[in-house]
Amino acid sequence: MGKLWVISIASISILLPFLCNAFSPESPTDRRLLVLLDDFAIKSSHSIYFNSLKSRGFDLEFKLADDPKIALQRYGQYLYDALILFCPSVERFGGSIDYAAIIDFVDSGHDLIIAADSNASDLIREVGNESGVEFDEDPSAMVIDHISYAVSETEGDHTLIASDDLIKSDVILGSKRIAAPILFRGIGHSLNPANNLVLKVLSASPSAYSANPKSKLSTPPTLIGSAISLVSIVQARNNARILITGTLSMFSNRFFRSGVQKAGSHTKHEKSGNEQFLTEISKWVFHERCHLKAVNVKHHKVGETDEPALYRINDELEYSVEIFEWSGTSWEPYVANDVQVQFYMMSPYVLKTMSHDKKGLYSTSFKVPDVYGVFQFKVEYQKLGYTSLSLSKQIPVRPYRHNEYERFIPAAYPYYGAAFSMMAGFFIFSFVHLYSK
Amino acid sequence: MAAPEISTAAVPTLYTNNALRNAFGGVLAFFILLLIGVMAFSIRLFSVIKYESVIHEFDPYFNYRVTQFLAKNGIYEFWNWFDDRTWYPLGRVIGGTVYPGLTLTAGTIWWLLNSLNIPLSVETVCVFTAPIFSAFASWATYLLTKEVKGTGAGLTAAALLAMVPSYISRSVAGSYDNEAVAIFALIFTFYLYIKTLNTGSLFYATLNSIAYFYMVCSWGGYTFIINLIPMHVLLCIVTGRFSSRLYIAYAPLVVLGTLLAALVPVVGFNAVMTSEHFASFLVFIILHVVAFAYYIKGILTPKMFKVAVTLVVSVGLAVCCAVIAVLIALVASSPTKGWSGRSLSLLDPTYASKYIPIIASVSEHQPPTWPSYFMDINVLAFLVPAGIIACFSPLSDASSFVVLYIATSVYFSGVMVRLMLVFAPAACITSGIALSQAFDVFTRSIKFQLPGISSNTEVDAAETSSATAKAQNDAVKTEKSEETSKNRPSKKSKKKEKEEKPSTKAKSEKKRLLALPLDSSVISLLLLILLGAFYVVHCVWAAAEAYSAPSIVLTSRSHDGLHVFDDFREAYAWLRHNTDVDDKVASWWDYGYQTTAMANRTVIVDNNTWNNTHIATVGTAMSSPEKAAWEIFHSLDVKYVLVVFGGLVGYPSDDINKFLWMVRIGGGVFPHIKEPDYLRDGQYRIDSQATPTMLNCLMYKLSYYRFVETDGKGYDRVRQTEIGKKYFKLTHFEEVFTTHHWMVRIYKLKPPKNRIRGKSKKSKSQKTSSTSNRAKRSGTGKKNPWH
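Just so you know, the sequences run in chain order H and B. Each number in my numbering corresponds to the 1-based position in the first sequence with 12 added. Each number in my numbering corresponds to the 1-based position in the second sequence with 16 added.
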């Protein structure tokens, strides 16, 4: 008996760190990261980036991409919360990881960073394509920009680009403005315009194009101008986040440290914007930011507190929901003035912006429409950068009961009068007819 | 209870003997009726014995569910029941849209039994409600026919009705539908009307209104009553049979009946606002005018009366024309001319197929074929004309009603096969009259010529029986001038017989000559009995084989024994146990009631086809390609799609055979669905010659998905052909359950894709070709290939 106790306590204490660190709805930040590398040199050449992750509390596990022992899941449980693919040239993963495993990993709500590079393998391209971006098909193409390239000692082929064409969103890139341009050397990709899940975070300048810098242009390049995306993010419908970029060197210590001067510009920045940009965006990718949750959905009739099983038409009701944002360490009240609730049956019958008390409690009250049916309280909150909130709660609305109508309608008094006078008249008539000789 | 040998009662010399015979006849009739009731009940139990005690078909499941709700929650909750599990997301106010008669009846029986500490389940009560009420119906038939033609005809008619196949088809144990109680209510209302007409009793008139109220509660077919009775009243007036009895029989029925009918929520103001009820009001007015005219005639001199008539007729005609013009204008201003679609299709049989596919799509709304008459009423079809002739000799108020009843119901049954049910009682009544009259004639002839019996009695018996008929006829005529008397006509005629005895005695020699020869009488009698025997054999066969299948459990007999197909319940049980309680299941509307009752899941459309647009939406989804269908279903929050497929076992009433109706109904509302797109040269086919639209529509795909895996060829046993498109994948739906014989297939809507792919697919093919060693691997990656 005692032995059993020891064993069980021991097993709990072994499991405990895993249990605590696991990605969960309660603390959505990723904890356990698997980094797949082409070779271990990247570990040191990109150490600043990795260290910044480590300092934020992530457990990084470095593995070679073709390590035969790697696995994403064991016994149906995922071992990692996020995956970083710094292995642009891998043709085939080792272990049990393959293309489908990565897609399943994302589809079960985990995050992914993909760094391709020139001569990226088909596998990496395919993973990117599955996520919604399309790398330039020409395997040797790179993004070239003869106008906004980064000034360097040697003239070069203008593949080192200094780009500052960032998405204007504080929630994705942090409130502090990224002043310095971002250094980029790699392949570009394009987005499917019909795809509303993918966002261009860093796009190329209008003068950029994607071609093989070593050969002469024989045909016009297919990817040109600001249609080229250098860094894109995807937020899948299950709120899994993906960062896709066509360069690995962007994460490197060399790019982090080097100064940057954009061609045609006289300001020379001591340090490129890469570190700030990538730190901020990795915070977004790993759910340290912009992760919302909605709890305590409540609705009840005005003046009551219990939630009814169904409403009657023309009832006055109150609806409230608490929305919190994950700050990386704790849930903070989410404050916005654009959260709307719908009272929905095939189309919204009521659409109201909810007011909030600055502590995360959003509430509103409205009158149930004069239509019965099975309605839904719907909150569809999709704001750029934030995880989408999609709450729906079914609630039937019934018509009046037979005894809930007005008993006497003033407009009908003439008819009541007519009916009763008719009855009285008939009675008197019968009486007179029967008893008068 | 009157004795069957009523005619003999008149002979004074045999008075004591006859009293005994009377009493004996009464007891005999009582036991015969009891046995008829037992037979009516027990002939309907084949379904329970052969299958099990289970609710049948589609509509009964809804009635059963409503009864359960009533038994659990009481009548007020039932009245106000808003059902959120059907017609999602519209819901249905059950209390206001259902004919509550059947439910209240079964609920009352259940409550009564339970308060007597007989703990039967609601289901058991529901299963046996129909057989119980068919026993009542045969008793009501006895009463009605007795009022028309005496006890003998009554007993014969009751026996015929107890086992008429048409009625059995709707009232076997488990067939818990409105018609089960409505036919009883119909016949009983007619009986009370005839009873009032014969007696002129206000008591029966009131009972008549209440019986009519019960009929209104039970079935939409009550409009048949409220049109047939006015027709008969009009007939009586036109043929100069107006009497105060007619007035008493009709006026309270209209006033009280309309007031009571308006109390039923589903009828409500329709009782005074729809064209179906106009005839009764019009006849009500005419009746009053006629009554007033007779009254005036009584107080004016003939000359003055003539003047008054010309005056009134000219003024009255002008007023009438004006009123009718206004009415016609009002009625014509509404697009359906104020008639509901079902009634319009009664008057114009082609109406529904032209304008309302949803009515035409129901098989029981189709016109019947000739064989179905033979199947459903068998030998009665030959006896009916004889019965009509018997009704004319002599024609009384009551027998003219029967003639009118049979004439109208023959027409209606020719329009809609479902109304065969209204025709069957009329056929039974007339056939009962015919049979009993024939027996009467033949037995009388035999009696005449058998030497053993004292000829004196025979003559008297024959004499008086024919005299009775004559006297009844006379009585009816003379009564017009009489004050309303409370005497029953039979009693009256008995009195008259005594008066007329001397005169009839004189004719006795002539009557003797009318008797048929002995041998032909005996042979005819035997043939008649043989005919009856054939009828009984046919009825028992129909009850046992044709009409007892519950249609949720199917059986088939083949060389290797009996096969039972219990796929429907298997599928519904799967839904009940494996899906979330608020999940929505889409299927064609036929299976809506069963899904809500057996699987307890919300459905989009069901057999109460009140909202054509909603049904058309589902029809459109079924006839659209997968992606469009997914979008329609997703917008309705549908989680599962259920299709019925008979191709594997050869079950012909599956969704593929119903599919053209889905296209038609869908196309009626959404014009982008066009029927010709699904037909190749006007032919509906699913083989390789089928149109691409057909082969790509959702119904085809859901029915035949993986079908080729069963036999390697994809041979459809219902359509007797190989299917056109054998190997395909579903992109937006996934198969979650298929029953043992593939009769029900349930699919789940895939959730919206988590990610959206990049637009190019070239890279993929490039990859698979370039790295052929990874072909297998990428194959698994392609598991989810849709956008």
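These aren't lab readings, by the way, just hints derived from the structure by calculation. Note that the coordinates shown come from a computational prediction; the quantities given were computed from them, not determined experimentally. Check each hint, because a few of them may be wrong.
What the hints assert, rightly or not - Over the 12 angstroms line for every Cβ pair with chain H, so calculated as not near, a few chain B residues:
#1 Asn96
#2 Trp97
#3 Thr102
#4 Val109
#5 Val305
#6 Leu327
#7 Leu333
#8 Ile404
#9 Thr595
#10 Val724
#11 Asn770
#12 Arg773
Unchecked claim - The calculated DSS-like cross-link candidates involving lysine-lysine, where the alpha carbons are at most 30 angstroms apart (straight line), are:
#13 Lys319/B <-> Lys463/B
#14 Lys81/H <-> Lys66/H
#15 Lys643/B <-> Lys395/H
#16 Lys310/H <-> Lys655/B
#17 Lys405/H <-> Lys741/B
#18 Lys769/B <-> Lys741/B
#19 Lys379/H <-> Lys405/H
#20 Lys405/H <-> Lys769/B
#21 Lys766/B <-> Lys305/H
#22 Lys188/H <-> Lys81/H
#23 Lys769/B <-> Lys395/H
Glycine included, C-beta positions come from ideal geometry on N, C-alpha and C.
Can you list which hints this structure breaks, lowest number first? Of the numbered hints, 1, 2, 3, 4, 11, 12, 13, 17 and 22 do not hold.
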